[in-house]
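**Student:** First to last, the protein sequences are chains V and P.
Going by my numbering, the first sequence opens with residue 1, and the numbers climb by one from there.
Going by my numbering, the second sequence opens with residue 1001, and the numbers climb by one from there.
In short, the hints are calculated from the structure, not lab data.
Think of the CB as a built atom: it goes at the ideal place given N, C-alpha and C, for glycine as much as any other residue.
Mixed in with the good hints there might be a few duds.
What the simulated footprint calls covered on chain P by chain V, stretch by stretch (three residues with Cβ under 8 Å from a Cβ of chain V suffice, anywhere in the stretch; the number is not a length) [said to hold, decoys possible]: (1) 1016-1022; (2) 1028-1042; (3) 1101-1107; (4) 1114-1121; (5) 1208-1216.
As a list, the in silico BS3-like pairs of lysine-lysine whose alpha-carbon atoms are at most 30 Å apart [as the list claims (entries may be wrong)]: (6) P:Lys1129 with V:Lys381; (7) V:Lys379 with P:Lys1122; (8) V:Lys377 with V:Lys237.
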Amino acid sequence: MTTALVSEKLAAFIAPFEIPSNVFQKEAYDNLIQLDFPTTRNEYWKYTRVGKIQNSKLKIQKETKLTADVLKPFLSAANFIVLENGIFRADLSHISVEGVKVDVIKPAFISDETKFNSASQQHLFTALNATYFSELISISVAEKTVMNEALQLLVVTSGNAVFSNPRIVIDVHKYADAKFEASYVALNADGAFNNVVTAFFVAENAHVVYDKIQNENNPGFHISTEEVAQEKNSRFKINTMTLDGALVRNNINISVNGENCETHINGAVIAKETMHVDNHTFVNHRVPNCFSNENYKYVLDGKSTGVFNGRVIVQQHAQKINAYQKNANILLSDFAQINSKPELEIYADDVKCSHGSTTGQLDDDAVFYLQARGISKEKAKKLLVAAFIGEITEQISSDEVKKQVNRILAEKHDWML
Amino acid sequence: MQELRKEKMSTLLEIKNLHAEVEGKQILKGLNLTVRAGEVHAIMGPNGAGKSTLAAVLSGKEGYTVTAGTALFDGADLFALEADERAKEGLFLAFQYPVEIPGVSNINFLRTAINEIRAYRKQEPVSAKDFMALVKEKSKLVELKDNLASRSVNEGFSGGEKKRNEIFQMAMLEPKLAILDETDSGLDIDALRIVASGVNKLKNAGNAIVVITHYQRLLDYIIPDFVHVLADGRIVKTGDKSLALELEEKGYDWINTAQKV
């Protein structure tokens, strides 16, 4: 070891992993060892304990073993790329979209450090990703390309107790219209930890839609960070559906750098048993004349826990900003818990901003109304819950993905849709 | 013997000595009522008499406790059934205040209901095509616009549309016994006529209707065979349709006074 480790907890966690030798990751490693696992004393980790991850004995798997047949049920688009524990599987992928290029870059060949060294190096999990990722997957959408159908990113965590660090950069050039759907699945991956970093560069007048379906089986850990930079006149929309996972934490950080931008952040969480799902979003309005809208809905059953933290900053010179935020939650059991915190920091004086958070149970009158028409109580509740989440599901752009989501809800949560 | 059996077969609802309370407060205090197939009963009475409580208790709403008495519905012990099972057995409640349910479409909800009822009766689910044909036919009955059928349940409906939607649902579900809980409240005269004519078209020798109302107005359109006056948790007077007119004229105090005498 070249530098003394600050934290014993971190030292124990990374002990099984090889210290990287390439320049990019060596630098990331030097940064990493200055950091430590966040505790609940940290404001942004107040309700999410990462002790289970911290105490895991994980391994980084370089060999791949997935076959096409096991992936079939998870495919929802004609064009797709498959990542197995962060490693690109060209043999299992299919990309034939004009204007869309996928490059796979080994860490040793990364030269453009500034672009891939996103702002959040100070956070342990992004720093871990930077240190241990196997390949950088770079997806580029050329100027004026219009993608009629989404490109699917099938991100698979495979093998028990693996530590997977997918790292993806999506560059959408000027006037392009791009659609992606990220499906996270875990196959024979009990206790695995998928630690994802995805960066988006949304150029002037570009439009991006990103549907993200998290369906990694319990028990499994998932922490993902989306770093988004929007240039002027661009539109970015992300829909996150969290349907499974023992511990899921999503960090969405959007920097709105150009005027006349539109930003949409939607999320649905359907949790049961002891699932813990934490969404932290951050929209940084740095310039005037932009619009952002955020809508997150949680349905929590069993002993599950939800965390929502929606942070919006409107900087001093960012006048004429419209920023809206909504978080609505339904608790289906007496043991489920939600911690909801909208965080608006407004330094400009000519803006329209709102936020609201509601938490409740299903409307008894509505349940009875359905029952009085012959629908069993249990089914009535399911209908109402599905209707509640429907507002988010409707935002998903692809019908195939909607079908997938509904299938998962039916299978895993016994929903009727 | 033969006579007796025939009589028994046609009895749809038989309530005996019904006592019920809400939040510890006794509302129904020994109510008796027998409804036979082919009959229309009107239950009238002053505010707080227990009219809506009766509807709630019969349809199985939570929060109402039956403390004494029995109710047989088509031979089955009504109070032993869950609310949805009562509906599956053929009981229908047209709500005084139909609930708005955003995100659940009228159509999907009704199809789910019909198929659950059919499954309960060990029948095959209705096909999409047959179901849509049924929707078209039945929505005409209450002059419900097609787009209302596909909208979220009662969401953004006017008062009149909500009540028409109740009768539309009744038409779709074809209950043995329908309880109309103040279906006339909040209706203008045209809507009242449409709703009443819908109900009249659904009436036949095999089913029965219980109309709960404050006013005689609705009974001009849905002609009752029996009019009962509910006061202080019991039926204190029963007569034919002329009783409703008399009540309209003299008010409920007249009954109260008459009772005391």
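**Student:** Check each numbered hint from earlier against the structure, then list the numbers of those it violates in ascending order.
**Tutor:** The structure conflicts with hints 1, 2, 5 and 8, although it agrees with all the remaining ones.
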